[in-house]
Amino acid sequence: MRKIKSIVAMLLALAMMFAVVSCTKTGDTDTSASSSTDDTTKTEVKVETFEGDFTWKDSVSTLATNWNPHTYETADDAYPLDYIVSGLYSFIYNDELNPVEGKDPYAGYVIVPEMAAEMPVDVTEDIKAQYPQFNIPADATSGYAYKIDLNPDAKWQDGTPINADTYVYSMQKLLDSKLINYRATDYVDGDLAIAGGKNYSLSGRSVKADNSVDGKAFVYEWSTITKSGDGTYITPDGAKAYFAMSATLPYLGDSLTTYAAYNPNHEALMALADEEGYVPVTDESIELLKAFITSDVWGNEPEEYLGYYTVYDKTYDEYGWDTVGCLKTGDYQITLVLEKSLSGFYLLYNLSGNWLVYEDLYESCLTQVGDGYVSTYNTSVETTMSYGPYKLVSYQEDKAMRFERNENWFGYNDGKHVYVDPEDGKTYPMYQTTAIDCQVVEEAETRKLMFLKGQLMGYGLQAADFDTYRNSDYCHATPATTTFFLILNGHAAAIQTREDAEDFDTTKYDLQVLTLESFKRAMALSYDRDLFASTVSPARSGAYGLIGTAYVYDPDTGARYRDSDQAKQALCDFYSVDVSKYNSLDEAVDSITGYDVEGARDFFAKAFTEAVELGYITDTDSDGKSDQMIRMEYAISADSDFMTTTINYLNTKLAEVLVGTPFEGKIEFYKSAPYSNAWSTKIKSGLSDTVLAGWQGSQLNPYSLTDLYVNPSRAYDAAWFNAEAVDLTFTVKGEEITMNLKQWSDALNGTAVELNGKTYNFGDGQADVETRLSILAAIETKVLLGYNYLPMLEDGSMALLSQQVYYVVEEYNPVMGRGGIAYTKYNYNDAEWAAYIAEQGGELKY
Amino acid sequence: MLKYTIQRVLFMLLTLFIIIGMCFMLIRLLPPATLDPTDIHWETIEARREAMGYNKPLLVQFGIFLRDVFTKWDWGVSDKLYVGREVFSIFAEKMPATIIVNLYSIILSIPIGILLGIFAALKKNTWIDHTISTLTMVVISVPSFVYAFVIQYIFSYKLGWLPFVMESGTDYFTWKMFISMLPAVMSLSFGVIAGFARTTRAELTEVLTSEFMLLARTKGLTKAQATIRHALKNCMVVILPSIFGQFIGIMSGSLIIEKIFSIPGVGQLYIKSINAPDYPMFIMNTAFYTTIGLVASIVVDISYGLIDPRIRMGSKK
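Note that the protein sequences, when read in sequence, are chains A and B.
So the first sequence is numbered by my numbering: it starts at 107 and just counts up by one.
So the second sequence is numbered by my numbering: it starts at 215 and just counts up by one.
Calculated from the structure, these hints are not laboratory results.
Treat each hint with caution, since some may be false.
Stated by the list, open to error - List time: in silico DSSO-like cross-link candidates among lysine-lysine, alpha-carbon distance up to 27 Å: (1) Lys-486/B to Lys-286/B; (2) Lys-234/A to Lys-420/A; (3) Lys-284/A to Lys-286/B; (4) Lys-294/B to Lys-279/A; (5) Lys-294/B to Lys-284/A; (6) Lys-284/A to Lys-270/B; (7) Lys-433/B to Lys-447/B; (8) Lys-304/A to Lys-270/B; (9) Lys-420/A to Lys-396/A; (10) Lys-372/B to Lys-951/A; (11) Lys-294/B to Lys-304/A; (12) Lys-559/A to Lys-473/B; (13) Lys-390/B to Lys-559/A; (14) Lys-253/A to Lys-522/A; (15) Lys-420/A to Lys-270/B; (16) Lys-522/A to Lys-304/A; (17) Lys-338/B to Lys-473/B.
This structure is a prediction, so every number in the text was calculated from the model and none was measured.
Work out the full structure, taking the sequences as your base and the hints as a guide.
This is the structure we're talking about:
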């Protein structure tokens with residue numbers, strides 16, 4: 107025994123001798139570590155160390171109350187997960203230790219194993235042969251099954267190892283049909299859909315199943331739902347069918363009750379409904395609902411669309427865990443089998459999260475309520491178990507939470523979590539922050555004062571702060587993915603109905619002119635987008651296309667969609683910019699402001715002529731001016747200063763453009779009553795004329811945005827813009843293909859579209875990036891040229907960062923952001939910071 | 215008096231039952247929040263509503279609720295705001311912060327307010343009275359959140375004497391915690407001080423001109439003796455019930471002050487439970503505040519009789 111101790115002591119002494127000495131910022135500590143993502147090129151590098159405490163002082167408006175990875179619902183609740191969870195894979199900057207060919211350091215990123223030990227290995231062929239129950243397509247050779255070796259050093263905060271059993275147990279609980287976990291959907295319906303997961307998560311559950319598939323197709327065609335002996339209608343499988351009055355229908359995105367005001371038969375239908383709002387399908391209920399959906403107000407839908415409003419009784423079969431594609435294939439190895447193929451960047455991106463729960467704690471936190479369960483797992487210090495870089499050490503509901511370093515996290519000792527500082531070239535450990543104090547400070551004004559006293563690390567600028575701080579060296583702008591556009595009413599039938607109303611005086615007012623393309627084009631050229639943004643919402647910027655500047659079309663290179671030639675050409679087409687008059691496409695695009703007063707006036711003049719000819723408006727005194735006012739109702743959800751500023755701006759600038767046109771002084775926007783959530787219904791049904799609304803998408807997948815504009819269940823203008831009637835001809839690899847917009851969008855998003863006996867699929871991995879980019883730009887152009895959406899604002903935010911810290915990389919990267927807490931460095935430790943604040947008189951200048 | 219009190223308590227229980235029943239039905243009749251059609255979770259949300267029993271007939275749901283409350287004192291489990299936690303325990307945890315801040319405010323406000331009122335009444339129609347009365351009107355007219363921001367700016371930002379927000383933790387009786395509560399206490403106190411000063415001045419002014427005060431003085435009492443022994447005692451018929459009211463009101467908290475000073479109390483719980491919507495939390499809140507309101511009205515009514523023996527409640531003659 108003594109000998110062993112002596113040998114260990116000697117080895118330790120030798121190790122110490124070989125340790126590389128280096129100085130810290132304060133020049134008195136040293137350490138060493140190895141770092142590389144590639145073991146074959148492992149090199150020893152000097153890693154600096156830090157002295158003192160470094161506390162990240164954060165504030166939130168709403169503190170997380172439930173950060174259970176299986177049940178959390180909101181971004182507020184996800185806050186702690188950034189600190190206490192590690193993904194299977196993670197994103198790091200491409201610094202000198204992790205270079206990417208052709209990329210300058212810190213201009214891109216590298217995906218590295220984190221909770222995994224290695225990159226995933228495609229085992230589709232093996233799994234297909236071994237586990238036929240997963241139904242991997244016969245012709246598939248890759249993309250459906252991956253073997254993942256797990257990091258053997260991964261532990262829970264109490265030191266308990268995390269192994270394959272942990273992953274399998276956690277997935278089993280996540281998908282447990284009795285628990286009805288909110289996040290289960292992410293793993294059964296999302297991109298990373300686990301094979302068999304959907305069936306397992308629904309095992310034995312009785313539901314009213316929707317008869318439409320995502321609002322696009324039918325489970326049972328309406329004609330196959332037939333009358334049974336007792337007068338009620340049933341599906342071909344014998345299940346009773348109902349019209350759903352109160353439940354949200356995928357086809358509508360709302361319930362039928364939302365539209366009760368427009369349905370004269372609503373009360374009669376509700377009288378036939380059960381307490382949950384389901385009306386048995388009978389001859390009587392069919393007649394009542396058919397009368398409504400085939401009416402002008404509802405857009406004259408055909409009778410077979412009744413199937414979209416139908417649900418039916420369904421009890422799912424029982425499925426065992428062996429039907430689910432989450433397999434333990436070794437003590438530290440799992441194999442994931444997927445429902446649909448996924449590979450490359452998107453596979454790793456989807457595996458950058460995690461689903462782990464600590465078994466004993468999880469079981470003890472479950473409580474049965476009614477037929478369901480609620481869990482207190484990850485709702486307090488006692489019920490939280492970390493496996494990330496930090497652990498929760500204190501928590502007070504609605505008040506504060508504190509995290510400290512989780513010393514059992516493998517990343518502090520594996521030598522991989524280091525980076526080379528682009529400024530001084532030295533190597534530093536990630537996660538310099540030693541603790542995170544987060545407290546609730548709801549009032550922005552209080553946050554600002556606390557920030558200026560050095561008590562908070564950041565402050566998100568409010569409208570009143572922009573003039574003071576927008577040019578500060580400490581101010582950082584962060585783009586967001588939401589594009590806001592003005593939607594212009596083109597619902598001819600609804601407008602006609604409104605004009606036919608007794609209280610609508612057609613001698614004084616008109617709305618039909620809104621349906622003219624020339625009118626919409628004039629509106630499109632009436633506003634300087636950047637001026638609009640700086641006036642109504644200074645943190646945001648002007649939007650010119652439907653897809654904002656934050657979107658990346660090629661995650662491998664980080665190339666942004668709006669920087670591509672195809673996207674630039676789309677803007678030139680929409681704003682009628684003749685590229686040949688400019689030296690380059692870039693110059694042509696740069697000339698676009700959205701404001702072209704002469705062009706707008708020409709289109710207003712044209713709209714006037716057309717409207718008079720069509721009898722929409724009159725010019726009885728032949729003065730060349732419209733006799734009618736065009737008063738557009740702007741749908742507001744609730745009144746606010748923002749709404750007032752926006753509408754005032756729209757009116758003021760429009761009035762300037764209209765000078766000298768036939769509509770001078772004749773067009774105005776006015777606020778609607780507060781519609782709350784019903785504003786979208788008002789817009790979709792043409793009962794309100796305009797609104798500034800937006801769509802948010804996945805920053806790394808702009809392709810999925812196309813569905814929002816061509817899918818009738820999603821598009822705001824579906825009642826007057828039929829994407830299935832708009833053809834787009836596009837040449838792919840020499841083949842000229844003509845499909846409608848809906849088909850192009852579906853094909854672009856991975857659906858195999860059958861056309862003239864051929865199948866087209868331009869989804870990820872099915873077509874090259876440049877082809878997909880071109881299709882995306884072509885669809886955007888077509889939608890824009892419908893002039894129903896006028897891009898106005900691009901979302902974004904600006905925030906001040908404390909002088910105590912700085913980002914290693916200041917420039918915003920769509921994938922990395924600014925590196926998060928891993929790449930945040932401190933100018934001062936906590937003690938130095940307190941002294942610095944005192945030196946500044948307790949008040950900091952930004 | 216006893217009969218009257220019992221009668222009032224019985225009516226209170228009936229009223230409480232009706233209010234809780236109505237609120238129980240009404241909150242569940244509100245349509246659930248509109249689900250984003252692009253959100254792939256909507257099916258799960260619907261399934262959870264079904265499993266939690268929210269799709270059962272309302273009367274059945276109400277019956278289950280009453281059974282659980284009366285047999286197990288079980289007010290339900292929060293399923294939105296504080297997932298999995300018993301709503302009663304959440305409420306009980308958050309109540310102390312609200313009570314303590316408001317209690318400090320009342321302890322500070324009542325003596326100052328009454329003293330200012332007495333002073334103004336005794337110096338009626340002098341510059342002192344005019345100053346106090348004017349300040350009282352100004353203070354009453356300005357909402358408490360305005361003081362909150364002014365106090366934060368002056369005492370926390372400029373002078374750095376007080377923290378911006380309340381200290382975290384549940385050690386409510388430490389010096390550090392007390393100091394951190396001061397901005398909130400001060401913000402709440404201004405209005406209460408002004409209210410008591412105005413009421414006291416008005417009552418005392420009237421009493422001081424009464425004939426019995428003249429008699430007291432002619433009997434040889436000094437002005438101070440007459441005021442303390444006779445005038446103030448009479449004023450209390452009005453002032454004391456309002457003190458009772460204030461004490462009971464402290465439990466309701468102040469939504470805006472709790473928000474500004476990050477007080478983890480019950481002030482915002484009600485609004486949050488409606489917006490969520492968190493049905494069990496909402497009903498717990500409704501029951502509590504309705505009870506508080508009803509008890510307060512009974513206590514105030516009965517207190518009149520206790521303060522002034524000439525006032526008798528419930529007499530048919």
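Of the hints given before, which are not true for this structure? 2, 16, 17
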